[in-house]
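One letter stands for each residue in the lines below.
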Amino acid sequence: MEKRKRFETAKIYVAYGFLLSLFGNGSVATALSITVTEFECVSEQVLHEGDTVSGNFVAIDHDIFWSSDHPGIDFTATAPGGSIVSSLKGTSGDKFKFKAQKSGIYKFCFRNPASTPETVSFYIHVGHIPNEHDLAKDEHMDPLNIKIAELREALEAITTEQKFLKARDARHRYTNVSTNKRVIYFTLAEYLVFAGASALQVLYIRNLFSKSVAYNRV
Amino acid sequence: MVGLRLLLAAVIAGFLLSTSESLRFELQSGHTKCIVEDVKNNAMTVGKYSVVNPNEGQPMPDSHKLTVRVTSHHGNNYHYSQLVESGQYAFVAAEEGDYMACFWAPDHKPQTTLTIEFDWKTGVAAKDWSNVAKKGTVDVMELELKKLFDTVTSIHEEMSYLRGREEEMQDLNRTTNSRMATLSLLSLFVCLGVAGMQLWHLKTFFEKKKLI
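Going line by line, the protein sequences match chains U and B. Residues in the first sequence are numbered from 1 upward in steps of one, following full-length UniProt numbering. Residues in the second sequence are numbered from 1 upward in steps of one, following full-length UniProt numbering.
Read the hints as simulated data drawn from the structure, not as lab findings. Source: prediction; values computed, not measured. For glycine and all other residues, C-beta sits at the position ideal for the given N, C-alpha and C. Treat the hints loosely; a few may be bogus.
What the hints assert, rightly or not - From chain B, some residues computed to sit far from chain U (all C-beta separations above 12 Å):
#1 25
#2 35
#3 58
#4 62
What the hints assert, rightly or not - Where chain U lies over chain B, by a calculated footprint (3+ residues, C-beta under 8 Å):
#5 84-91
#6 107-113
#7 181-192
#8 200-209
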């Protein structure tokens, strides 16, 4: 049973899982977990123009006590030119997908508006399918390669969804463990408070009737 | 003829395998960033890290070095290198759980920001495909299909893992549910019991005081 206890300090913990398919049809898959104190950015290189960048992120810790007023995590994806390609505000986890208009280094940033650090687990996949233009350039490339690339992209889509589900499962588990603990502790505390309040009541009434206090008229 | 075909396959494979992208992140001098990866038991894991040269063509400035340490969830050290510009590590995970790779950039007077290129592969992706390709006349297409097959197998394993986790969570929820029921019922009895005790105690107290 894994215990995910991340102690929030000034250090930033980044969790990785890589699925790198080495074929030059450049599909890169990255699974990552970051503890975002305020603002964290990761960069990913997109090799070919027209590649589809897809991914998702989930705020795992969500360590909030009253669970109603946490604003969530803001996410922005920025293209090499500086324009914002994708932006999600105030969510605890979501998917994103966009087509890269130009190749270069794309930046994916998370912002945590709340004061408590959050662990965000996310996954980015850059998928490339060679088209007829690439086919014409390289005479060794088979049209079958395109079909294989499409198949690979479909499998990567499944993997992306799996990573999302895994992260959501981790967060769900975190909530459930917390609920379990809360049930026990709060109930025990409730019993103690009960017994304590009742004892105080009895003591107070006894005190009212004690001879040292001048309530003897009772 | 076989030799030529092999050479062709190697060239194509080389061309196709030559590109690999990795993740970049920034590290300020004097700060630490830790990378945690969830590795399954007995899975092969490979990591490569390097500092990106801010000035292309010129030698890397001395301040751009980092210290790296890879530890397991229980604290066992798997890799340690001090003040290097690049490096790599590879091991088979003996323990299941979170493995942490921490990067530390030494202090520098004007605070510099290092861009680190990092690549951490586990499981399927960590497999050395160039070795598989060398065995005999393995077609490039066959290699691609082998990779897809491995990917599908890993998806299947991941599904089984998720199903197991979901079952654990169901058990946990069931326990929580029954606990809540039991404890609430118990709280009712505690309430009644305490009230009864109160009444009994006050009654005997007043009887002793001859007020009743």
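The hints, checked one at a time:
no. : hint    : in the structure
1   : 25      : 6 Å, violated
2   : 35      : 5 Å, violated
3   : 58      : 21 Å, holds
4   : 62      : 24 Å, holds
5   : 84-91   : violated (count 0)
6   : 107-113 : violated (count 0)
7   : 181-192 : holds (count 6)
8   : 200-209 : holds (count 5)
Hint compliance for this structure: hints 1, 2, 5, 6 are not met, and every other hint is.
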